[in-house]
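Colleague: Sequence:
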Amino acid sequence: MVYYDQSILAMARGHQAADLVLKNGMIVDVFSGTCFSGDVAISGGYIVGTGSYQGKEEVDLGGSFVVPGFIDAHVHIESSLVSPVQYSATVMPKGTTTIIADPHELANVYGTRAIDYLLQESERIPLDIYLMLPSCVPATHLETSGAALTADDLAKFIGHPRVLGLAEMMNYPGVIFGDRSVWAKLDLFQEKKMRIDGHITGVNAQDLSAYVLGGITSNHECTSSEEALQCLRAGLKLMIREGTAAKNLKDLLPAVNKYNSSRCMLCTDDRHPTDLIKEGHINHLVKLCIAQGMEPVTAIQMATINPAQHFGLKQLGAVAPGYQADLVILNDLDTMAAAKVFKKGKLAAVDGKAVYQVPEEKVGGCLPEGLKIGPISPGKLTFNLKDDVHVIKIIPHQLVTEKITVPSAQYLSGAGDIVKLVVVERHHGSGNIGVGLVHGFHIKNGAIASTVAHDSHNLIIAGDNDDDILRAIDEMVRLKGGLAVVKEGKVLASLALPLGGLMSYEPVEKVVETLELVKAATRELGVSDDFDPFMTLAFLSLPVIPQIRLTDLGLVDVNEFKIIPL
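In my numbering, the protein residues as written are 114 to 679.
It is worth saying that the hints were derived from the structure and are not from the lab.
Straight-line Cα separation of at most 27 angstroms, DSSO-like style, residue types lysine-lysine; simulated pairs: (1) Lys623 / Lys360; (2) Lys557 / Lys506; (3) Lys623 / Lys475; (4) Lys363 / Lys400.
Model the full structure from these sequences, guided by the hints.
Modeller: This is the structure:
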């Protein structure tokens with residue numbers, strides 16, 4: 114924030130040279146919706162003026178576009194598979210200078226310690242990380258998570274300058290039916306006049322009305338333009354999501370027009386490291402909007418001033434006097450490739466590479482590493498099958514599954530592409546193990562394993578024999594969490610994710626390189642090329658997506674919201 118200073122005023126009036134002036138730029142004005150040529154004068158990390166200026170240091174932009182730093186309105190850093198330090202070094206060269214993060218995944222492992230960790234790390238990196246506090250830890254009572262967060266737990270963080278409100282309220286039944294523990298959180302943040310993000314889809318207008326009464330102000334779960342309009346009519350801000358698994362941007366854009374675009378924002382939610390490297394971050398979403406026919410300035414507004422105003426970040430989102438000098442220099446508005454990125458007036462990235470000193474990782478940090486797994490004997494993986502059995506059927510390229518029933522003899526004979534699915538509780542060493550059956554992996558003579566398993570992130574394994582399943586569990590313990598592929602007793606490939614079993618301390622390029630090797634190894638088990646087995650595996654234990662899932666407590670019929678026998 115700019116405070117009274119005679120020299121700053123002199124710089125703004127052009128009577129004194131500014132500390133830094135970006136000369137000859139084409140400035141994108143998110144307020145008027147136009148572009149104009151001029152200089153950008155900077156001092157103390159803030160813009161002091163736009164127009165014609167002289168500076169102690171000058172950078173000639175040669176007519177390049179100057180846009181505000183991009184803001185991701187809703188993201189889970191954990192989905193990148195890298196630490197906050199490495200995440201910053203990845204997305205800032207893409208033009209992202211601020212993110213609104215929900216540490217839901219890490220909090221399901223560590224609870225309040227995860228929030229402390231992210232707040233501490235945010236002080237060590239140039240990327241501005243603001244937090245919306247996780248609202249649903251654990252997500253349900255049908256699984257064992259590493260922690261539970263109550264309203265009292267969350268209240269301790271209110272008042273921190275980087276905490277903006279309550280993150281996506283996924284428990285919409287708890288909202289509309291008046292669950293007291295849910296409303297204790299809603300009331301807490303409403304009383305403090307803080308933002309509450311939504312997470313709701315597929316409901317009628319009446320239930321949506323009840324949901325909005327909980328103080329919810331946004332939604333990123335719309336999948337159609339009709340649903341987007343319904344949310345806008347209910348007063349919700351529309352977060353247009355384009356992640357890795359959920360790609361909604363093209364379907365939602367028809368709902369955006371000149372009258373409501375100011376109530377729309379862009380977010381990635383979950384974007385995996387390969388996409389970050391190959392496609393980009395928020396700059397990729399802006400590019401997609403423009404390719405779909407949206408006016409470039411409108412698309413840029415949805416990635417800058419709109420989220421800044423929604424979250425009350427008054428210093429961000431514009432190239433104008435008094436705003437933080439978070440700036441992206443673009444050669445054109447079609448590719449959205451950042452030639453330079455300035456953060457608080459300092460050069461942070463050039464031609465897609467970070468140029469600031471990336472801090473050393475605090476390996477281990479304030480978060481303990483390793484899996485706590487109770488004793489596992491081969492007998493725990495067996496079951497007696499006499500009659501028909503329930504099977505989780507994977508629907509390709511979808512998060513939803515289908516509950517099918519097959520004769521037990523079909524599985525026992527090895528026919529029909531049905532393999533064993535195992536979920537091992539890994540937070541408390543309870544010894545809980547859920548065992549079920551899954552159709553659609555095409556695994557032969559091996560197993561795949563992951564500790565990225567939404568939302569409680571227990572250890573999940575799919576395999577066609579118990580020996581390889583047990584070998585995969587041993588590899589997960591050795592890695593302190595991660596991904597692994599085992600065939601005939603041999604580990605073909607693995608990726609260590611020691612930070613909560615979710616993230617690596619390695620640079621994203623190294624993680625992507627290893628991840629591609631791990632995915633390639635699954636092809637040796639028979640998994641098809643157009644199928645991401647680990648993304649599918651990660652959601653098979655999430656008991657809030659229909660129709661059927663497996664947790665450490667057993668097989669879950671999501672429609673009935675209860676544990677059912679195999």
